[in-house]
Amino acid sequence: MKKCKCSHCQLEFDESSMISAPDGNKFCCSGCKNVYEILRSNGLEEFYERLGKNTLSPAKESENFDDSARDIYRDFIKKDGEFSKISLVIEDIHCFACIWLVEKVLFGTNGVLEAGVNATNNKALIVWDESQVGLNEILRRLNSVGYKAHPYDAEGEEARLSAKRREFYAKLLVGIFCTMNIMWIAVAQYSGYFSGIRADVKAILNFAEFVLATPVLFYTGGAFFAGALTALKGRTPNMDLLVATGASLAYIYSVYAMFSRSGEVYFDSVAMIITFVFIGKFLEILSKKRAADSIDGLNHMLLGDVSVLKDGEILQINPQAVSIKDKIVLRAGQRALIDGFIVRGEASFDASSISGESAPVWLGVGDEVKSGLICLDGRVIYEASANFENSFLSKIVALLQNASLKKPRIEQLANKISSKFSLGIICVALVTFTFWYIKGGFENALILAISVIVIACPCALALATPVGTLVALGVGLKKAVIFKEAAMIETLANCDTVVFDKTGTLSTGKLCVSKFIKFSDIDTNVIFSLAGASKHPVSVGVAKFLAGNGAKALELSDVKEIAAKGVSAKFKGKILAAGSKNFMRELGVDISHSKSDKTSYYVAFEGVLAAKFELSDELKNDAKSCVKELKAMGLKTYMLTGDNQNVAKEVTDALGIVDFKASCLPDEKARFIKNLQQNGAKIVMVGDGINDTLALSLAQIAVCMGSGADASLAKSDVVLLDDSLKSLLNAVKIARFTLGKIKQNLAFSLCYNLLTVPLATMGYVMPLFAALSMSFSSIAVVLNSLTIRAKFKENDE
1 MKKCKCSHCQ LEFDESSMIS APDGNKFCCS GCKNVYEILR SNGLEEFYER LGKNTLSPAK
61 ESENFDDSAR DIYRDFIKKD GEFSKISLVI EDIHCFACIW LVEKVLFGTN GVLEAGVNAT
121 NNKALIVWDE SQVGLNEILR RLNSVGYKAH PYDAEGEEAR LSAKRREFYA KLLVGIFCTM
181 NIMWIAVAQY SGYFSGIRAD VKAILNFAEF VLATPVLFYT GGAFFAGALT ALKGRTPNMD
241 LLVATGASLA YIYSVYAMFS RSGEVYFDSV AMIITFVFIG KFLEILSKKR AADSIDGLNH
301 MLLGDVSVLK DGEILQINPQ AVSIKDKIVL RAGQRALIDG FIVRGEASFD ASSISGESAP
361 VWLGVGDEVK SGLICLDGRV IYEASANFEN SFLSKIVALL QNASLKKPRI EQLANKISSK
421 FSLGIICVAL VTFTFWYIKG GFENALILAI SVIVIACPCA LALATPVGTL VALGVGLKKA
481 VIFKEAAMIE TLANCDTVVF DKTGTLSTGK LCVSKFIKFS DIDTNVIFSL AGASKHPVSV
541 GVAKFLAGNG AKALELSDVK EIAAKGVSAK FKGKILAAGS KNFMRELGVD ISHSKSDKTS
601 YYVAFEGVLA AKFELSDELK NDAKSCVKEL KAMGLKTYML TGDNQNVAKE VTDALGIVDF
661 KASCLPDEKA RFIKNLQQNG AKIVMVGDGI NDTLALSLAQ IAVCMGSGAD ASLAKSDVVL
721 LDDSLKSLLN AVKIARFTLG KIKQNLAFSL CYNLLTVPLA TMGYVMPLFA ALSMSFSSIA
781 VVLNSLTIRA KFKENDE
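Numbering-wise (full-length UniProt numbering), the sequence shown opens with residue 1 and increments by one.
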């Protein structure tokens with residue numbers, strides 16, 4: 001049958017079963033056709049451009065919503081002044097194109113005043129005017145384009161998740177309980193097979209196994225049958241299909257053998273196949289859930305109003321409503337959301353999330369304010385030079401949202417083999433059945449075909465990769481490492497290059513004094529008192545240094561803090577001042593003999609330079625040992641930083657990193673990663689700030705420190721929960737050791753199948769021994785995988 005893509009959901013179907021439209025488009029169902037026509041009639045065709053290569057679920061027929069929707073959702077609707085507000089969870093959202101479409105539909109509904117969809121949890125906040133539109137109309141509009149919504153209730157949502165977890169636990173317990181009891185019965189049967197057993201006793205044991213195996217197959221194994229059905233519909237054999245086929249045939253034949261009292265039953269094989277593979281899936285779901293719970297979304301970075309100065313009044317408006325030339329007021333603690341140039345005032349800004357620069361940046365009239373900068377102190381008024389969409393921070397987020405969701409990763413070795421293996425085993429079983437049916441009759445042929453499927457049961461092959469990776473996930477969690485997907489373990493193991501961001505990754509992100517020079521006999525207690533009068537990061541670093549050297553606070557008078565410059569005070573009637581070089585110049589203090597490329601803190605006493613502190617970003621205690629050990633493991637190391645060349649050189653010399661790039665902006669970091677990849681490097685990028693997100697999104701593996709910006713966390717593949725570089729080493733070691741175990745498991749399971757399947761096809765293996773052999777192969781793989789846990793437990797000791 002010729003395959004054809006649905007013009008709406010982009011899924012492939014047999015062309016003969018599709019609905020054709022007059023314009024030549026084809027649809028899998030009337031739901032998709034109706035949604036397509038609605039989007040086209042409302043000028044929303046851009047949705048399909050944004051959708052790209054992503055696919056959707058086929059759209060369901062639109063439902064009718066009447067005024068009862070208001071009654072059903074009444075408890076979830078809140079009043080916001082004269083308007084109504086509700087939080088809805090939107091179902092069937094697959095990508096950012098879906099979010100764009102939902103928001104377009106909501107904003108296009110007359111009476112809807114505010115609408116936004118959280119990309120992480122698909123939760124929409126909607127504010128509307130009841131006098132213009134009802135909730136039933138809003139729900140109808142969403143449903144008309146293929147999205148269902150239900151009210152978000154934190155308690156209800158947790159209750160639903162708890163119900164799902166309870167169902168999963170119940171299936172797991174049923175599988176384990178029944179399998180363990182079946183194995184005890186099987187021991188008696190196997191013993192009786194060799195030593196003799198009465199027919200009536202054997203019948204009772206068979207029936208007991210039947211009773212125990214039935215709930216395992218149909219209750220615990222329900223998910224495998226669903227997966228097998230999907231495989232059949234899509235004509236793509238998978239492991240679920242082989243699990244379901246092997247278990248079902250063994251079950252059907254065992255039922256026949258039990259009632260006919262001829263041959264052996266294999267209910268133990270049925271239970272073991274289902275239970276072992278279900279345990280693997282259960283552990284994987286738990287690990288992914290833990291990882292997902294620790295990650296926040298990107299959206300909050302761009303949230304918040306902007307203070308705009310108009311006609312002498314300061315108005316709080318949505319950043320998307322800001323126009324070029326508008327005057328924006330930025331106070332201490334606020335993040336700039338719009339690009340512009342300062343027209344009044346001066347302040348210190350934290351640029352570490354944008355440029356990676358660890359030291360605060362002082363900006364005054366005429367200087368550019370990039371969106372993403374955080375005002376530390378002072379107050380400025382700046383003129384917008386771009387609208388919200390074209391500002392620096394918005395562009396970065398837009399690039400991330402449009403980035404490919406599929407990173408270049410090496411496919412798991414088992415997945416490369418699984419579909420061909422599954423189809424191959426089914427074909428071998430059919431050939432075996434046909435051959436022996438012609439030669440020896442139906443019953444013997446069926447027994448031998450089942451032997452082929454049972455002995456080549458995907459238990460060992462299916463467990464070879466997931467059990468190893470899932471044991472590694474558990475070990476990683478104990479080592480403060482979260483792998484967001486099991487596949488990341490293999491990819492990390494094959495990487496050969498580590499690229500570090502500096503600030504917050506190799507360094508603490510906190511300024512500390514690296515050099516202290518006194519030009520007079522000024523009392524350090526006086527300097528400590530002066531530095532302690534300010535909360536500026538540089539002053540805090542100096543005060544901390546002096547406190548560590550035993551300085552005590554003295555009483556000062558006329559203490560004044562000058563925003564973004566420094567502090568002045570009097571001590572015993574004499575004038576003190578401390579702060580930046582610009583502050584010293586304004587006071588007429590000569591600092592020409594004490595210039596430095598580093599962040600410096602100057603102290604003047606009675607108009608004369610009395611002391612100078614040079615500050616640098618403090619390196620983490622484990623940074624040097626981490627770099628040394630990574631090199632010993634054969635990994636190349638690089639450092640990227642927004643700091644200047646001199647600061648970067650000092651850091652790399654201290655750490656033993658030869659290759660680095662200084663004064664990097666986010667796009668330059670991304671280009672650096674691309675250049676390395678073009679030369680064949682497989683890269684691990686380690687970062688923690690917004691400025692790292694573009695580079696993180698391009699690397700084969702993105703590693704984020706747990707305290708990093710949400711943008712970095714969202715784009716990361718591995719999260720280090722304790723911010724320790726020792727955890728990075730553990731992540732690499734776990735990944736490499738696990739990959740070795742996976743290869744051992746795969747080699748064993750493949751050799752096992754290559755040896756046993758031919759024996760089964762030739763009639764040398766009875767189903768009874770096939771089941772025992774299969775059980776042995778599964779146990780061997782599990783035991784080998786558990787050595788991962790033992791290995792890293794020994795390291796702890």
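Treat the hints with caution; some may be incorrect.
As the list claims (entries may be wrong) - Label-pair distances were calculated between CB atoms; the ranges are:
id : residue 1 : residue 2 : range
1  : GLU82     : LYS598    : 54 to 60 Å
2  : GLY81     : VAL365    : 23 to 29 Å
3  : ALA226    : GLY474    : 53 to 59 Å
4  : LEU113    : SER17     : 54 to 60 Å
5  : GLN132    : ALA170    : 44 to 50 Å
6  : ASP311    : GLU82     : 54 to 60 Å
7  : GLU650    : GLY474    : 17 to 23 Å
8  : SER57     : GLU114    : 44 to 50 Å
9  : GLY81     : SER557    : 56 to 62 Å
10 : ASN675    : ALA170    : 32 to 38 Å
11 : LYS598    : GLY43     : 25 to 31 Å
12 : GLY441    : LYS148    : 33 to 39 Å
13 : GLU114    : SER385    : 45 to 51 Å
Derived by calculation from the structure, the hints in this document are not laboratory data. Think of the CB as a built atom: it goes at the ideal place given N, C-alpha and C, for glycine as much as any other residue.
Checked hints:
About 57 Å separates the C-beta atoms of GLU82 and LYS598, a value consistent with the hinted range of 54 to 60 Å. About 40 Å separates the C-beta atoms of GLY81 and VAL365, a value inconsistent with the hinted range of 23 to 29 Å. At roughly 27 Å, the beta-carbon separation of ALA226 and GLY474 lies outside the given 53 to 59 Å, and the hint is violated. LEU113 and SER17 have their C-beta atoms about 43 Å apart, which leaves the hinted 54 to 60 Å range violated.
Checked against the given bound of 44 to 50 Å, the beta carbons of GLN132 and ALA170, roughly 48 Å apart, stay inside it. As the Cβ distance of ASP311 to GLU82 is approximately 26 Å, the hint placing it in 54 to 60 Å is violated. Taken as a hint, the range 17 to 23 Å is violated for the pair GLU650 and GLY474, whose Cβ atoms sit roughly 40 Å apart. At about 27 Å, the beta-carbon gap between SER57 and GLU114 misses the expected band of 44 to 50 Å.
The beta-carbon spacing between GLY81 and SER557, approximately 50 Å, falls outside the hinted interval of 56 to 62 Å. Under the hint 32 to 38 Å, the C-beta atoms of ASN675 and ALA170, about 53 Å apart, miss the expected range. For the hinted restraint 25 to 31 Å between LYS598 and GLY43, the CB-CB distance of approximately 57 Å leaves it violated. Taking 33 to 39 Å as the suggested C-beta distance range, the pair GLY441 and LYS148 does not conform, at roughly 55 Å.
Between GLU114 and SER385 the C-beta distance comes to about 27 Å, which lies outside the given range of 45 to 51 Å.
Consistency note: the structure conflicts with the earlier hints numbered 2, 3, 4, 6, 7, 8, 9, 10, 11, 12 and 13.
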